[in-house]
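Trainee: Sequence:
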Amino acid sequence: MGGQAQLSDSAIVTVLKGSLLTSLYRDEQEGSVVMFGGMDHRYYKGELNWVPLIQAGDRSVHMDCISIERKVIACSGGCKAFVDTGAAFIEGPRTLVDNMQKLIGPMPPGSKHYVSCSAVNTLPSIIFTINGINYPVPGGGYIIKDSRGHCYTAFLENTVSPSTETWILGDVFLRLYFSVFD
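Residue 16 in the UniProt record's numbering sits at position 16 of the sequence shown, with consecutive numbering throughout.
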């Protein structure tokens, strides 16, 4: 994997040896920019933080933990996370995703993932700690409004590695952080 700098003031970068330097910038209002062979410092503030890959070629990194309001809610002993530009949501083990849903707040009856759209700005940030650096995803970052005007969380069960605590950090995470894949 490569790097990511938050569009405001922090970053994450991992090294994938032997590939072209690729930068990825996403903005909901203006779209995305993919740049091959370099990066443009106008798209981010702060420093890029290098994060080593667990295994070359699969863009997986060691994630320290996931927390809400200073309480670790998942990945307590560390776990594997894939930073995946091809995934839309954040995916994890079913029981842990279900626990996150409960901690986020009340869901309408009969729904596992829907939340009140009026509550989005009051939802807690979910913090993904990678290589000792906190990467918060605020409520507005993990809530998606559908075409009917309903709001739902962007967390899904990871069906690829259900037997291990493996997480996939997709667009929900990546749209908040400038990413550089080296």
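If you're looking for bench data, these hints aren't it; they were derived computationally from the structure.
We treat Cβ as the ideally placed atom computed from N, Cα and C, and that holds for glycine.
Careful, some of the hints might be misleading.
Result set (DSSO-like, lysine-lysine): computed pairs, CA atoms no more than 30 Å apart in a straight line [claimed, not checked]:
1) 145 with 45
2) 102 with 80
3) 71 with 45
Here are the simulated distance ranges between beta carbons [claimed, not checked]:
4) 95 with 145: 36 to 46 Å
5) 55 with 118: 21 to 31 Å
6) 78 with 124: 20 to 30 Å
7) 38 with 148: 19 to 29 Å
8) 77 with 133: 17 to 27 Å
9) 76 with 38: 11 to 21 Å
10) 36 with 95: 14 to 24 Å
11) 147 with 78: 20 to 30 Å
12) 133 with 164: 16 to 26 Å
13) 69 with 131: 33 to 43 Å
Trainee: Does each hint hold? Answer for all of them.
Mentor: Quick rundown of the hints versus the structure:
1. With a CA separation close to 28 Å, the supplied pair residue 145 and residue 45 stays within the 30 Å bound.
2. Taking the CA atoms of residue 102 and residue 80, the gap is about 23 Å. The hint holds against a cut of 30 Å.
3. For the proposed pair residue 71 and residue 45, the alpha carbon gap of about 28 Å is at most 30 Å, so the pair holds.
4. Taking the beta carbon of each, residue 95 and residue 145 are about 27 Å apart, not inside 36 to 46 Å as hinted.
5. Separation of residue 55 from residue 118 is about 43 Å and departs from the stated range, judged on CB atoms against 21 to 31 Å.
6. Checked against the hint of 20 to 30 Å, the C-beta distance between residue 78 and residue 124 comes to roughly 22 Å, which is consistent with it.
7. At roughly 42 Å, the beta-carbon separation of residue 38 and residue 148 lies outside the given 19 to 29 Å, and the hint is violated.
8. Checked against the given bound of 17 to 27 Å, the beta carbons of residue 77 and residue 133, roughly 18 Å apart, stay inside it.
9. Under the hint 11 to 21 Å, the C-beta atoms of residue 76 and residue 38, about 38 Å apart, miss the expected range.
10. One distance hint, 14 to 24 Å for the beta-carbon pair residue 36 and residue 95, is violated here, with the actual separation near 40 Å.
11. About 39 Å separates the C-beta atoms of residue 147 and residue 78, a value inconsistent with the hinted range of 20 to 30 Å.
12. In this structure the hint that residue 133 and residue 164 lie 16 to 26 Å apart at CB holds, the actual value being about 23 Å.
13. Checking the proposed 33 to 43 Å range against residue 69 and residue 131 shows it is violated: the Cβ atoms sit about 22 Å from each other.
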